[in-house]
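Peer 1: Those protein sequence lines, which keep their order, are chains A and B. Heads up: the first sequence is residues 120 to 636, going by my numbering. Heads up: the second sequence is residues 120 to 636, going by my numbering.
By construction, these hints were calculated from the structure, which means they are not laboratory data. Treat the hints loosely; a few may be bogus.
Since the list can't tell identical chains apart, any single copy or any two copies may satisfy a pair.
[Unchecked claim] Capping the alpha-carbon separation at 20 Å, the derived lysine-lysine pairs in PhoX-like fashion look like this: (1) K236 - K131; (2) K442 - K390; (3) K267 - K233; (4) K236 - K132; (5) K132 - K233; (6) K478 - K442; (7) K189 - K131; (8) K131 - K233.
Computed from a predicted structure; not experimentally measured.
So the chains spell out like this:
2 protein chains.
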Amino acid sequence: MSESRNYLLRMKKLDADIIRLDNIEALLEWDQETYMPRSAQNGRAAQLALLAALRQERIISSEWETLFGKIGYDSSAVESEEIRFKNEEFNEMDRAFLREVHRRWLRNKLLPVKLVKAVASEISLAQSAWAEARSANDFQLFAPHLEKVINLKREYALTIAPDAEPYDTLLDEYEPGADVAQISDIFDELGAGIQRLMDKIKGSTDGLNSPMPPFLDRKYSVEKQDSFGRRIQSHMGFDTNRGRLDQSLHPFATSIGLNDIRLTTCYDEKKVLSALFSNIHEAGHGLYEQGMDENLRQTILGDGASFGIHESQSSFWDSIVGKSHAFWSFWYPEFQKLFSENLVDVELEEFYRAINIVKPSLIRVDSDEITYSLHIVIRFQLEQALISGELEVSDLPGAWNQSYRELIGVSSDNDSEGCMQDIHWSGGSFGYFPTYTLGKLYSAQFISPMEKEVGFLADILKRGELDVILQWLRENIHRHGRVYRPTDLCHRLSNKSLGSSDFLSYLDSKYKEIYRF
Amino acid sequence: MSESRNYLLRMKKLDADIIRLDNIEALLEWDQETYMPRSAQNGRAAQLALLAALRQERIISSEWETLFGKIGYDSSAVESEEIRFKNEEFNEMDRAFLREVHRRWLRNKLLPVKLVKAVASEISLAQSAWAEARSANDFQLFAPHLEKVINLKREYALTIAPDAEPYDTLLDEYEPGADVAQISDIFDELGAGIQRLMDKIKGSTDGLNSPMPPFLDRKYSVEKQDSFGRRIQSHMGFDTNRGRLDQSLHPFATSIGLNDIRLTTCYDEKKVLSALFSNIHEAGHGLYEQGMDENLRQTILGDGASFGIHESQSSFWDSIVGKSHAFWSFWYPEFQKLFSENLVDVELEEFYRAINIVKPSLIRVDSDEITYSLHIVIRFQLEQALISGELEVSDLPGAWNQSYRELIGVSSDNDSEGCMQDIHWSGGSFGYFPTYTLGKLYSAQFISPMEKEVGFLADILKRGELDVILQWLRENIHRHGRVYRPTDLCHRLSNKSLGSSDFLSYLDSKYKEIYRF
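Next up, chain A with everything else stripped away, as it sits in the complex:
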């Protein structure tokens, strides 16, 4: 074996331990949100801080720098991260591996273990404070924690890249290569398009703010919601020998290893659609993780290409598939039968319209496909302001409500329905929100390349052939994990950069039919 290959193998061994620590951390976090007893919070924070420190020590170990030198790292090759390692012995996957471990090392080597530990510990405490504050509807309980988290994340960003805008540095963690300027451009165009669409809907017969149909206000048994959710997930191809579904306050998907993908959901008998679509959404994430190539297991490449691409997978399933007429023309009879006490008199058409009603509202996760992105734009703007220090934590509830009034036309005095509705900020995830909308744009941009190969989605869905869709996603996206960067993957699939036009056309043609504008 050549020397270079030996160095590469050594790096893979070092990386495998880091990934195992990531997986262990993911289990502790999953447990914290699902089963952990209440009073264990402080102990858990200390455990997570220790793991973060152990991980950090390994990521910045001086051995990496030595190894990068040995295999011919070229620091002057700044244009493309890929060509920094020119060694011709390495194949595409090796080069991707080097790109990613190098990126991780670069982003971490200036971070003191102490700061990493402080972030991990404070986040764990802030998340439990958030849960309490949210259920007590008392922002004051949460505010001091949020402030600490923001200060720590700002310090974190400035340590990684002292000369960059802290928010850009945070953003890059979720969407490698993205920055505020680029996202703002895309979001501006998108916002204008959504505005035009909403005007058309306003002018339609039904208009905006048509009332929710009464059958959605009925009680839907949690047991039946759970059984239907599991059935759909299983039809989508989610493998419960390699994953599971539990309940938590805020639904999420997490990887404790490529054979251990955990989804969570949150049932409410008065909100049947909420768990229904979150079950489909999280399974979309789960399928991405379960679909990764076996060779990527326990390497840095066994992960989503970016948060945006990850979200494109959940969004593809929950919106493009799960909110389509064709999908429900196959599934509605079963759903209607299961909940016959509520739906016996509700026709497919009525149900389809109900799950696609466009209606300005307070809660992001319950919002429709059109206004959803406005919820994201608001968070994108507010979190930039929080990180830059332009907006004080104490002014957040006011600023939040003002933005909601202006952009969406709704607001509430109840901060639990306002700036405390999401877990993200308590978890220090600043820069995460925009990737939700990037995901929707990616997913819409993937429709046409998919249909070129498998035929019209509507035809496939009417026949209930979810496996055909999964097959395409596996082959073209899932199995590659993080081998391709998000921008490259987007080009490989759609021959163009990410934009809002495919998403806007998708919305236009779908809602034109629903609202007859």
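Following the hints, put chain B in place on chain A, whose structure we already have.
Peer 2: Just chain B now, kept in the frame of chain A:
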């Protein structure tokens, strides 16, 4: 602050990280037995191996040796571990801390990380092979794993103490200070006493092998079993803000931190007594952990004094309390009402006799208070032979069945009911079994000191005052954690060494009444 105190503080910091790693490991193991998806097994084994290595590195870090030197460790003081550190600045708890971290260091410093990792990884795989083999009733599936585990544990013992009998070394891990000679003496006396008791029962009107009453064969709803189990646990004082109860194949209790104590149970609608007493048993362990002094949290002293002492706590609750007439005179009306479909015609006396029927049987965890110890004697003998190499793994099923025929008078061709009934060996826990019986002996020896202070147990239990019992256990045992060695604790409480006489008198006076011999 004095220099010595600074060194001690540094040791406490080093120790806290080791304990956190222990806790994290406990979570991974708990998850493996409760919720982990099936195919995650290999990944979990690798995670546990990594944690074991990280822990081992910390335990044997050369800093310990330096610090022991600095605070005046006297290696010639072999008589008592306590006086190896003569520094007068240290209080009782400090000295206990030094004794324990020093013991841990001594037991580990010769162990290569590689061996520790191999043990952890093989154990994780063997446990899942055991579960599969047991449910398939196929010993061959388990045998190669068991062989590997035995070889690794033998190597492990010989590395720690090259000149000692490997089994003694393993035993000492569970019961510090115990050895085969001492336990054999106690068990011989105990065995003879049990034989005398069984002869008396044989000669009584009912005799041995009286049939189980038919009401125990009825179906008991799992939901109700669960609700009653939780109710008893809560009355015992188990705090679900600091712990929880889940289900697993083999019930256990584990500590993920002193505020995060997890119990498991296993329900079977045809075996109501099994889950009932295991719920009480595991809660007994849980109360010990939850009762430790806050100052012991995240230190090596925040643990049971030994496995035997731990077992004395579960055994006190599940046998001395839970199988007493007084306990059920308080609780039976509620239990009878809950399961009225099965128990409406069953009087308290009949129920009390049923839960105390002495009957030679195959399954340890379902056996009565008298024959239980014979199950342990068999395991104690067989595991010595497995570790010494005298008994081959392939001969285990035969040897097992022969022992059962000879000592208990029963046997089965079904290895799932035979040598695969317990999880312990798959987990590498050789030397663990005898502590179950030591626990029963300890618990019987604690009755009289307890009654001296709180009055007759029977009176307390008739009034349902479980808190009075918990109070005494907390004050005299729980809060001290591992501060006292098991032998010292036994002397402090009962003014004598551990023996079998109190246990035998307890059995004699209880069963004399039941069987009227």
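Peer 1: All hints, please: hold or fail.
Peer 2: So, going through the hints one by one against the coordinates:
For the identical chains of this complex, K236 and K131 are inter-copy neighbours only, at 18 Å across copies versus 25 Å inside a copy, given an alpha-carbon limit of 20 Å. In this homomeric assembly, K442 and K390 come within 20 Å of each other (Cα to Cα) only inside a single copy, at 16 Å, whereas the closest approach across copies is 47 Å. In this assembly of identical chains, the alpha carbons of K267 and K233 lie at most 20 Å apart only when taken from the same copy (15 Å versus 41 Å across copies). Taking the shortest alpha-carbon separations for K236 and K132, only the inter-copy value of 15 Å comes in at or below 20 Å, while the best intra-copy value is 24 Å.
Taking CA atoms no more than 20 Å apart as the test, K132 paired with K233 passes between copies only; the shortest distance there is 15 Å, against 25 Å inside one copy. Taking CA atoms no more than 20 Å apart as the test, K478 paired with K442 passes inside one copy only; the shortest distance there is 15 Å, against 63 Å between copies. In the homo-oligomer, the alpha carbons of K189 and K131 lie at most 20 Å apart inside one protomer (15 Å), although the nearest pairing across protomers, at 40 Å, exceeds that limit. For the identical chains of this complex, K131 and K233 are inter-copy neighbours only, at 18 Å across copies versus 26 Å inside a copy, given an alpha-carbon limit of 20 Å.
No hint from the list above goes unmet by this structure.
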